[in-house]
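Guided by the hints, dock chain L onto chain X, whose structure is given.
Taken in order, these protein sequences are the chains called X and L. Under full-length UniProt numbering, think of the first position of the first sequence as 1, with each following residue one higher. Under full-length UniProt numbering, think of the first position of the second sequence as 1, with each following residue one higher.
Bear in mind the hints are in silico, worked out from the structure with no lab data behind them. Be careful, since some hints might not be right.
Claimed, not checked - Distance condition first, Cα-Cα at most 25 Å in a straight line; then the derived BS3-like pairs of lysine-lysine:
| hint | chain 1 | residue 1 | chain 2 | residue 2 |
| --- | --- | --- | --- | --- |
| 1 | X | K38 | L | K143 |
| 2 | X | K157 | X | K126 |
| 3 | X | K143 | X | K157 |
| 4 | X | K143 | L | K143 |
Note that this is a predicted model, so its numbers are computed, not measured.
2 protein chains.
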Amino acid sequence: MTELDKGQKPTKYGIALFPGFQALDVFGPVDILNLLSKSTNLELAILAPTLEPVSTSLEAGGFGQSIVPTHTYEDAPSDIDVLLVPGGLGTRDSARIAAVVAYIQKTFPRLDYLLTVCTGSALVAKSGVLDGRRATSNKRAWKWAIAQGPKVDWVLKARWVTDGNIWTSSGISAGIDMMYAFVAEVYGAEVAQDLANASEYRRNTDPNDDPFVEQSGVAS
Amino acid sequence: MTELDKGQKPTKYGIALFPGFQALDVFGPVDILNLLSKSTNLELAILAPTLEPVSTSLEAGGFGQSIVPTHTYEDAPSDIDVLLVPGGLGTRDSARIAAVVAYIQKTFPRLDYLLTVCTGSALVAKSGVLDGRRATSNKRAWKWAIAQGPKVDWVLKARWVTDGNIWTSSGISAGIDMMYAFVAEVYGAEVAQDLANASEYRRNTDPNDDPFVEQSGVAS
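The shape of chain X in the complex, shown without the other chains (with noise of 0.2 Å):
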């Protein structure tokens, strides 16, 4: 399944943007990987439905932030090793997310690695390639979120869930820590806590560790 000769590591990395994403679940990761790009060669395309910039908002004017993307879902580069997937509102509205969807189910098979952060695994559980694994997501979406993967494998109390070559984080913030975990173990435990002391963050190393789960109320 894996393009990458063993012991390569990734470089090539992919962003999975639609209308609505939460800006965090994109940049707290990938904030991660500018830092290591310092050192590292790496690549980014970031994938939209169209080349028009994508908001973090759902209306027209409303308070959000625009990203520039790089690339169409259409003609996404085929030799992505990393394809990262936030959540976010959009992650709502089926019809929106349809072009990611059938992205998803269709790149899967050729990538390295997949990540989601938040309710982006409510929309990669829509493609089916979360049907038989672990995963987490989002825990006051949570309800919501599992019901998009009756077959996944839902694990309700953790910051970040790995399953061989795909990794799942909880809401939003968790997605740092996942980061940070799978940069130790692609690039080195020494590297991704330099990156940490870089960006002055203090990491959640603990993948089980959640007190959301509580704070939410999804188990009572």
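Just chain L now, with coordinates in the frame of chain X:
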């Protein structure tokens, strides 16, 4: 100095962008506002030298992300309540940030709050508005940062520092904790903690707790 009536909460935010800004310096704090904007009416002006998208990367085709501004510094709204100034490698180039420095100088007397993240405080120091004030900055870039403002009362060991209506935070991720503290002060402690729970973020709530002084070796 403040244009807000007593007890009125700020609603109009501005972000001061420049090429080579650090992504998380912006999106850490701003994603908290994205969440807050669902319950509180907020407006956002994304300011840049021109209306062209602004990249986190200083090299054309470099690893980065481009954000779409809403206004230039020249035609910025005159009623911004809170201005957020990020840091990043772009702060090192005086010519590149000249428009931002001039804008801050001109605008500061009209602002209710000025917030900086990382080396954003070095950029603001160049404008003179930090003179005689307590402020902090990125720990790895400390020596360069403090040289930008010889009349600033720099505080080495701090997650963030407040002096009057100016809030400055340490490197990159520290901006997230500063913004939750700012939201707690301005909109209420419960509002801030509810947003942190929604974002599944474990806050560092002590502004004096800063392990990154030691890690950076700047004090030695």
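Below or equal to 25 Å on CA atoms is what counts here, so check K143 of chain X against K143 of chain L. It is violated: about 50 Å lies between the C-alpha atoms, which goes past 25 Å.
Given the proposed pairing of K143 of chain X with K157 of chain X, does the C-alpha separation stay at or below 25 Å? 14 Å, holds
25 Å Cα cutoff - pair K38 of chain X, K143 of chain L: Since the Cα atoms of K38 of chain X and K143 of chain L sit roughly 21 Å apart, the hinted pair holds (cutoff 25 Å).
Is K157 of chain X within 25 Å of K126 of chain X, Cα to Cα? 21 Å, holds
Against the hints set out earlier in the document, a violation occurs for number 4 only.
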